[in-house]
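Chemist: One-letter residues, chain by chain:
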Amino acid sequence: MKMQISGGFAPETSGATGAGPASRAGNEGERRPLVRRAYALAVIWVVIGLFLYVFQILKLIGPLG
Amino acid sequence: MADCLAHVFLAGVTLLAWLGLGSIVLVRMRKVGDPFLDALNRLAIGAVSFALLTLAAGWSRLLYPAAYVPVFALTGLVGAAEVARRLRGRPLLGLRSWRWWELCLLGLLVVYVALDLLAVCAPISSPDALLYHAANPALFEQSHRIFEVPWNSSSYEPFSVEMLVLDGFLLWDSVQGAFAPLLLALVALGAVMGFSWRIAGRSAALLAGAVFFAQPFMVWEATSVFIESGLACALALSAWNLYRFVRYSERSGLLLAGIFAGSAAGMKYLGLIAALTMAAVAAIVIGRRLNYRVALAFGLPAVAVALPWYVKNALLTGNPFYPHVFGGLNPSAARELKSSMRSFGHGDAPLDFLLLPVRLLADAKPFDAGEFLSPLFLVFAPTALLISRARHAVLAAWAGVLIFVVAWFVTTQQARFLVPLMPVLAVLAALGALTLSSQGRLGRVLVVAGTAAALAVGLGASVVYAAQFAPVVVGTESRDQFLKEKVSNYEGVEWLNRRLGPEDKVATDIWALLYLKVPYTTFGTMGDVLPLNAGAQATRSFVAKQGVTRIAILDSDKERERQVGYLNARLIARVSVRSVKSRTRGDFGPRHEMLVYAVSKTE
Numbered sequence: 001m002k003m004q005i006s007g008g009f010a011p012e013t014s015g016a017t018g019a020g021p022a023s024r025a026g027n028e029g030e031r032r033p034l035v036r037r038a039y040a041l042a043v044i045w046v047v048i049g050l051f052l053y054v055f056q057i058l059k060l061i062g063p064l065g
Numbered sequence: 001m002a003d004c005l006a007h008v009f010l011a012g013v014t015l016l017a018w019l020g021l022g023s024i025v026l027v028r029m030r031k032v033g034d035p036f037l038d039a040l041n042r043l044a045i046g047a048v049s050f051a052l053l054t055l056a057a058g059w060s061r062l063l064y065p066a067a068y069v070p071v072f073a074l075t076g077l078v079g080a081a082e083v084a085r086r087l088r089g090r091p092l093l094g095l096r097s098w099r100w101w102e103l104c105l106l107g108l109l110v111v112y113v114a115l116d117l118l119a120v121c122a123p124i125s126s127p128d129a130l131l132y133h134a135a136n137p138a139l140f141e142q143s144h145r146i147f148e149v150p151w152n153s154s155s156y157e158p159f160s161v162e163m164l165v166l167d168g169f170l171l172w173d174s175v176q177g178a179f180a181p182l183l184l185a186l187v188a189l190g191a192v193m194g195f196s197w198r199i200a201g202r203s204a205a206l207l208a209g210a211v212f213f214a215q216p217f218m219v220w221e222a223t224s225v226f227i228e229s230g231l232a233c234a235l236a237l238s239a240w241n242l243y244r245f246v247r248y249s250e251r252s253g254l255l256l257a258g259i260f261a262g263s264a265a266g267m268k269y270l271g272l273i274a275a276l277t278m279a280a281v282a283a284i285v286i287g288r289r290l291n292y293r294v295a296l297a298f299g300l301p302a303v304a305v306a307l308p309w310y311v312k313n314a315l316l317t318g319n320p321f322y323p324h325v326f327g328g329l330n331p332s333a334a335r336e337l338k339s340s341m342r343s344f345g346h347g348d349a350p351l352d353f354l355l356l357p358v359r360l361l362a363d364a365k366p367f368d369a370g371e372f373l374s375p376l377f378l379v380f381a382p383t384a385l386l387i388s389r390a391r392h393a394v395l396a397a398w399a400g401v402l403i404f405v406v407a408w409f410v411t412t413q414q415a416r417f418l419v420p421l422m423p424v425l426a427v428l429a430a431l432g433a434l435t436l437s438s439q440g441r442l443g444r445v446l447v448v449a450g451t452a453a454a455l456a457v458g459l460g461a462s463v464v465y466a467a468q469f470a471p472v473v474v475g476t477e478s479r480d481q482f483l484k485e486k487v488s489n490y491e492g493v494e495w496l497n498r499r500l501g502p503e504d505k506v507a508t509d510i511w512a513l514l515y516l517k518v519p520y521t522t523f524g525t526m527g528d529v530l531p532l533n534a535g536a537q538a539t540r541s542f543v544a545k546q547g548v549t550r551i552a553i554l555d556s557d558k559e560r561e562r563q564v565g566y567l568n569a570r571l572i573a574r575v576s577v578r579s580v581k582s583r584t585r586g587d588f589g590p591r592h593e594m595l596v597y598a599v600s601k602t603e
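Keeping their order, the protein sequence lines are chains A and B. If you read the first sequence in the numbering used here, its first letter stands for residue 1, the second for the next number, and so on. If you read the second sequence in the numbering used here, its first letter stands for residue 1, the second for the next number, and so on.
Among the clues, some could well be false.
[Unchecked claim] List of simulated lysine-lysine pairs, DSS-like, C-alpha gap at most 27 Å: (1) Lys338/B / Lys484/B; (2) Lys581/B / Lys59/A; (3) Lys338/B / Lys581/B; (4) Lys484/B / Lys505/B; (5) Lys59/A / Lys365/B; (6) Lys558/B / Lys517/B.
[As the list claims (entries may be wrong)] Pulled a few chain B residues facing chain A out of the computed Cβ check, cut under 10 Å: (7) Leu446; (8) Ala453; (9) Ala454; (10) Leu455; (11) Tyr465; (12) Ala467.
[Claimed, not checked] From the structure, some residues in chain A lie toward chain B, with a derived Cβ separation under 10 Å: (13) Val35; (14) Ala38; (15) Tyr39; (16) Val43; (17) Trp45; (18) Gly49; (19) Leu50; (20) Phe51; (21) Leu52; (22) Val54; (23) Phe55; (24) Ile57; (25) Lys59.
It should be emphasised that the hints constitute simulated quantities derived from the structure, not laboratory data. Just so it is clear, the structure is predicted and the values come from calculations on it, not from any experiment. The C-beta atom is built at its ideal place from N, Cα and C for all residues, glycine as well.
Use the sequences and the hints to build the structure in full.
Modeler: Next comes the structure, spelled out in structure tokens:
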């Protein structure tokens, strides 16, 4: 089985090179509230995480070090 | 430069030899259904087999190039035949259909491999390698046998990766030995990308590979004769084989998952924690199918592969887990070991645990070079929980990550010791990032901008790190000059090599032991052999037992100076030395003197 990026499963292709590009299944309109909330949480975490990393880099290269 | 190319060529042949020996070892075993995984299994089983054969040869006093090179050449030929068989009729990758950013990620990985090759071709200068990861294999190679090294408690750790380093010594020299951890990192990269490709396609494979490998931390880790890239390799393959068993009921997958978990336990005590974590995850994902036969099929091969190292310790010290469990060190060395392990991180209170993600992202320097970790693991791996239909698998993976992190948190919080988790976190991060980018414009912008920025920053730091090795590798800087700039107290080592002969034996507290060419002993990295507070009788007994004729200590080491006072010793030289605080930035500590004493033979 090949897991699609959207979370579904499609038949896994055989062969050493695997299958083609990952699916970008959008269907945003079908997202349920729970999924939307999870998406919002994920976005918030990514923003916070990247902000924290910027802080680390600033310390590393000088201004805050 | 010619030496560098020859080293790289021999590293390629080493991979073939691993593949060849692995193919021989697995000849009667049913293959897993995935041909790429099968190839990686053979490579890694070959590496594990070479490590165990080298251990056996070492205890049999057979560590001679004349014994190793024929085996290396023969298995290399078998490996070459295996590669030819696998590639016959197989089309090359058609890059034309790839998207531009996929090509960028592929190019980035190629650049990182080149940076790693540059860094590993330089003379070894990593302090841990100089002290034991490479220094002990050098001793074994010179003595043609493996023996107990009581002055360094770390030498009692399972030593599979050091055995592969030792193979490099037998093949050529210390630089060749340093390639072993890098080769294991490359096999781990293959496992990360291969697994991601199978479950989610090319984009996920390239992204997971970049998250895992395209970070300055991994350049440092894979080229400094550390062990953790081997652990990452073993765990990645164990997990992928376990997946084959769970999803396709392939029995050989279960056996191989056990073998690789055991091989992790045979690399380092940390690997034992990782193997137990793997066993817990296996129990979770196998679920209702778990019975004693399944447990034995996983557990027995794991125990068999790891056992020689623990039996060795049991025979030498009476304690298979010496010195971390059940003790065995003298009280002051045990205190220092504990304090040194606790010296990393921000603390071990429950609040410190909760703050780990924040601190690893924003203030990771106390975790020992943690500031060079890629942020992409922590930023995107949690977003894999968005994959609704794979949530059980993602939760099982996260359960394993959490178990390991708790063990890491309560033992020693060194960022390096998180490397075994990186394969699984890289796969989760890639899947999470692609999922997030597929579910909305904001997510897509964050994924693209965040990933590109983190990879760009990482590439900059990696280039700066690797560039310091370029002059010595291309030949515009001499090896001696390089070592003076990169190795603490190297002038002292040079002096000892120049002034002492094979009939001398020096006891020293200088840790660049790899380059010490005269017989030596140490008081113990933690005072394991002669505690700092030892008195006259213990000091005289140490000198007599070890046959010490010279003592070389730093003038800052006042306790050792006091102990020299108990001996009939004469100061014969003061050698100016300096420590290296940062190889990359060229930061040096203040100058000190190395005091050299001649010890009377009446001691």
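Chemist: Could you tell me which of the hints above the structure violates, numbers in ascending order?
Modeler: Hints 1, 10, 11 and 12 not satisfied by this model.
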